[in-house]
Each structure stands twice: as C-alpha cells, then as structure tokens.
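Engineer: So the protein sequences, as listed, match chains V and E.
Counting from 1 along the first sequence, just add 543 to a position and that's the residue number in my numbering.
Counting from 1 along the second sequence, just add 543 to a position and that's the residue number in my numbering.
Simulated from the structure, these hints should not be mistaken for lab results.
Any given hint could turn out to be false.
[Said to hold, decoys possible] Pairs of lysine-lysine, BS3-like flavour, derived with a Cα cap of 27 Å:
| # | chain 1 | residue 1 | chain 2 | residue 2 |
| --- | --- | --- | --- | --- |
| 1 | E | K690 | V | K621 |
| 2 | E | K621 | V | K690 |
| 3 | E | K690 | V | K690 |
Number of protein chains: 2
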Amino acid sequence: MNDLQIRRATADDLPAIVAMLADDPLGSTRESPEDLTPYRSAFRRIEDDPQQHLMVAVRDGRTVGTLQLTLIPGLSRKGSTRAVIEAVRVHADERGSGLGTQLIEWAVDTSRELGANLVQLTSDAGRTDAHRFYERLGFTGSHLGFKLQL
Amino acid sequence: MNDLQIRRATADDLPAIVAMLADDPLGSTRESPEDLTPYRSAFRRIEDDPQQHLMVAVRDGRTVGTLQLTLIPGLSRKGSTRAVIEAVRVHADERGSGLGTQLIEWAVDTSRELGANLVQLTSDAGRTDAHRFYERLGFTGSHLGFKLQL
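This is chain V alone, in the form it adopts within the complex:
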C-alpha cells in the first residue's frame, strides 16, 4: 500500500477517470462512459487552463482515485485566493483504504503551496458519509451550495 502516486492526469487516464465518475449513485445517471468524446474536449479545456489541477491517484499501475483542484483569485477576505475541490472519486476497490483522505490532504497541501487561503467544496446534501469525512479533515459545513442547471 506504499506505492501510491498522486500525479497530473493525462489523456490516457480518461477512461479510468470517467469510469470512476460514473460508478456512483449520482454519477451513474449523469455520465456516458461508453462515449468519451465530450470528456476528451473537456480534458483539452482543463489542460489549457493553468489554474486547473486534474489529478489521478495511481497504485500498482491502476488509476484508483481522482480529483480536480481549481485556484480562483479573488478580492474578498483581503484578496484571498480560494481553492475549489471538485469531482473527488475513489475506486470502489479502494474505499476504506484512506485514499480519500490522502487525496484531500494532497489538495489542501497543494492549495497552501500555491498561495490559497481557503479551500472549499460542495457535497450533495444526501452524501452524509462524505459530510462526516470532510468534517474529520477539518472542513466546516458552514454554507449552503446552490446549483442551477442551464
């Protein structure tokens, strides 16, 4: 269990990442792992944006986790840069292994190194296990997250 590597995703990681996005009670209705075309276009947009850090966790040559970290410069809180974590997924075989914690700790450490003063994320109100997980890692569920589908 010591050979975990968290590294930047490449286009070759897309099938494994999309499979993880789809293997989830909410994701299963929202993703199309059988057609990677929209994901390939999106990957190019992510690669072209220096504020995006799309990461994979790899163990024994297998892609077992992913998250995306975005840095957002801002004026509020005395000109703070925020880091936003999105699309955190851990492969079903790895749940309970501590990999989720390692991914979030990577994101928090990297945010600090990149000059962010705040790390934020939203979690679906129904994911109560995830809420306890983020609270254990020091996050405070102080906000309501609003979404509008276009």
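Since the structure of chain V is provided, determine the placement of chain E on it from the hints.
Structural biologist: Relative to chain V, chain E alone:
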C-alpha cells in the same frame, strides 16, 4: 433607474468594491478597506486569468454592485463547464431595487453564452434571506458547502 450598466471592473473600481465587501455583517470582520494593498495584488491576479469575470454594476456614475464569475472546465457531467459566482454585493442604498436579481441574471446569461452547463454558488448558512433570493431565481440548495481556512 434605467441607466444601469454591468461592466468589467477596473483598478479604479477597487475602493468602491472593497467598501461593499466590508459593508456586510460577515465581511466587516474579514476586510481591510483602509489598506487596499492586498486587493491591488489580487486584482492583478484576477486580470491575468481569462476565466475570471470581475464585474461592477454602475448607476449614475456610482459603483453600486459587484460579483465575480469564474468558469471552471471539468470532466464530470459529461465534460461540463461550471460557472461559479462569488463575492456578490449590492450597495446598501440599492437593496430592494432589483439590482441583485439583475446581477445574478447577468451571471446566468453570461455563463450560458460562455458554454457553461451549470452555475453554482455557496451562501453562508446564516444568510437565510439570500437563500430565498437564490431559490426565487431558480437555484436549488441541494448541497452543503464546506470551507477550510488555511
């Protein structure tokens, strides 16, 4: 009330924007309108990032509102781009004028034009008036927003 203009912020707008960020029950403890130095550095970081849209609303030559819109390309939801709204403020003199609605409608329309499929924001759990406001505009408070101060 017809001459409202929503335009990109310039460095000259910083004093008015920071005054609005500070004139708020939560913002008053977090901002330093008497020292704009950190805001000027942050403004340069915002200007250098093409995904940032820091806007002001101007009426009769006065800066009366602000928000920041950020576009985040992503893989989830079939490669959706998300738009994130942060730091929405309306000048105390303008509250109840419909300016908040105009600002959010601007952000939603612009997000759609820029190819986003989802608009999201978080609002402090204590801001119940804001929650009703976002629900009236079609947003769903489906998520919990977690923050970690670094």
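Engineer: Now, for every hint given, state plainly whether the structure supports it.
Structural biologist: Hints and how they fare:
| no. | hint | in the structure |
| --- | --- | --- |
| 1 | E:K690 with V:K621 | holds (17 Å) |
| 2 | E:K621 with V:K690 | holds (17 Å) |
| 3 | E:K690 with V:K690 | holds (17 Å) |
Checked against the numbered hints above, the structure violates none of them.
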